[in-house]
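Engineer: This is what each chain is made of:
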Amino acid sequence: MSASFEFTPENKKRFEEILRRYPTKRAAMLPSLHLTQEQEGYISPEAEQYIADLLEVPVVDVREVVSFYTMFTRNPLGKHHIRVCESLSCWVRGSDEVKETLEKELGVESGGITEDGEYSWEVIPDCLGACELAPMLQLDGYFEGNLTREKVVELLKKQAASKTSGK
Amino acid sequence: MPIVKNISEFFGNENARSLKWRLEHGGYESARKALREMKPDEVTETVINSNLRGLGGAGFPTGRKWSFVPKGTDKPKYLAVNCDEAEPGTFKDKYIVEWDPHRLLEGIIICSYAVGIHTAYIYIRGEYVRPFERLEQAVKEAYAGGIIGEKVLGEDYKLDVFIHRGAGAYICGEETGLLESLEGKKGWPRLKPPFPALVGAFGCPTVINNVETLSHLPGIIKNGAQWFSDLGCERNGGSRLFALSGCVNKPGVYELPMGTPMKELIYEHGGGILEGRKLKAVVPGGTSSAVLTAEEAEMATLDFDCLAKLKSMAGSGAVIVLDEDVCMVKALHNIEHFFSHESCGQCTPCREGTAWVFRILTRIVEGGGTMADIATLKNLGQNMGGTSICALCEGAAMPLRSFVSKFEDEFEYYVKHKRSLVEDRKRNAVAV
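Those protein sequences? They're chains A and B, same order as listed. The numbering used here numbers the first residue of the first sequence as 1 and each following residue consecutively. The numbering used here numbers the first residue of the second sequence as 1001 and each following residue consecutively.
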C-alpha cells in the first residue's frame, strides 16, 4: 500500500480500451474507479489524483463520485468482503439471523474487519437483487442464499478450508 | 392463466448462453428479419401496435418513446439499456442477462435499427457480478460472430454495444440519473424537459429502455404486434416477468400474461403462503408502490391499469408477499431505511423528508414514539410527493401513506404499548 498510485501495465492497456468506448474522457470515470479498486482493493487519495489527471478533471470531481457510490471504498476492506442484504424480502425471511451469526462468528460488527484481515462485512439497506434466495448475502460479489444460522457458519468454514487447501 | 415462455423460454438452460446454440434455436432471426425486410419506421409501428410498455417500472409505451427521437438530426443517437434493477424485490432482469443474454442483444439490435442508433450502452448495476460476467461473454461472442460491430448480421449497419457497470446507487436506475452516471458523474437526476429523446447521453438524442422491454422485441417482430397485444389485456400488451418474493413457498420469476389475477401468482405459481399462514398484505410493484391489503390483493390483476386504479402501481413487477406474522410498523421502517439511504440528496423535500420519516419510524420501533409522530408521518406522506425532480420522493411517500392509513391500528398499538401488535399476538398465541 504505497502512497503513490499508478495502473499496472496491463491495467493501462485496459484503461486505453475503456476510453475508446465513450465520446468523452470523463465517462470513463466509473470503469476507471472499478479498475483502481480491483487493483488496490480501495481508492486512496493518491489514486483519486491519478484518475483525475488521466481523465483531465479536477480531483474533487473524482472524490464526489467515489463518495456518492456505495461500492467504492476509500478504506481497505478484508481479503474477503461480505455484504448482507437487509431489504424487505430478505428481512421477512430472516436477515436478522444472518447478521447476528456473522457478528458472532467474525467477532466484529457490520462495517468492521476481522483482526487477521481476512473478512470485512457490512449490512446493506439496499436490495441486492436476489430476493428469490432470501435471506442472502454476497461473498466477494457472488450470491449465497436461502441462509440459516448453520448455512452461514458452513459457508465461512468452506471459505477457510479453500484457503488452506491453496485454492 | 398459465405460465408463458416468451422471454423466459431458456431460463435455467445452461446451453442458451452460447451464441452457437442460440443461433441454432432461433437466435437473431427477428433482428435479421427487421434489418432485411422491414423499414425502421415499420419496426417502430409494429412495437407501437403491440402495446408493449416499459417494464422497468414506469410503463410508458415503448414505441411511442422511440418516436420522440428526432429523425433528421446529425448528432449521434444512443441507446441506454437500463439493467440497474435495484427496486427492492426486483430480480427479473438478472434472469434474462444470466440465462439468455443473446435475447437482450437481439432486442438491442432491433431497437437500434428502428431508431437509427449506432452505439448502445448497457448500464448494469455494480452488484451484479455474475450477470455482468455472462453478459460480457455474450457481447464478446456476438462481436466475434459478426452479430454486432461494423456489419450487424452481415448487413450494412454498424452497432457497437458496450457494458457500463454501476457502483451501488439506486437512483441510477432513474433514467436521467443513469445518464449522469454513464457520463461519469454522481447520479443526480436531471430536470425535464428537455427529455432524453432530445437531449440525453452526451447531449445527444437517447432512448432508455429496460432489459425486459427490449427482450420482448424479438418475439414481437417474429409473431407480430397483434399476437403480443392479444396476449395481455387492454392497453397492457403481452406477458411480463413477475418477481415473486417474501412469505411464499416458491419465490422466483414467473412469466405471465398481463392482467393475470394476483392471487393466481401467489397461490398457484408461488405455492401459497409460508407454513399455511394467512396473507396480510402485498407490495405489488417494488417497495415504491403502495401496499395492498389482503382483500385488495385478492381482487387485483397484474397490469398497470388495475393497480393504478387501486392507487398503487405495477412498477417493476416485483411482488412482495407479507403474511400475518409481519409487523407492518417494522416493515415500513425497513422500507423507509432504504429510501433515506438512497435519496441522492439533490432535492430538499426528499433528502430531508426521507431522513425525517426514517428517524420517526426508528423512534417508534424503539418504543419512544408518540401519537403526534403518527400525525407527522401522515402529514409527510401528503407533502413529500410531487415536490422533487424525480420520482424517488413519491416512491418513499407511497408506502408511507398506504402503510400508515391501511394498518393504522398497528402503528397506534406500537406507540401506546411500545411493542409490536403482531409480536404480542404471536407471543400470546404461544403462551396459550
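These are calculated hints, taken from the structure and not from any lab test. If you're wondering where the values come from, they're calculated on a predicted model, not measured in any experiment. For each residue, glycine too, the CB sits at the ideal point set by N, CA and C. It is possible that part of the hints are untrue.
Claimed, not checked - Below, computed lysine-lysine pairings styled on DSBU-like, alpha-carbon distance capped at 30 Å: (1) 25(A) - 1077(B); (2) 1140(B) - 1263(B); (3) 1378(B) - 1406(B); (4) 1185(B) - 12(A); (5) 1378(B) - 12(A); (6) 1075(B) - 151(A).
Stated by the list, open to error - Counterexamples of contact, computed for chain B against chain A with all Cβ distances above 10 Å: (7) 1264; (8) 1341; (9) 1356.
Engineer: Are any of the numbered hints broken by this structure? If so, which, sorted upward?
Structural biologist: 2, 5, 6 and 8
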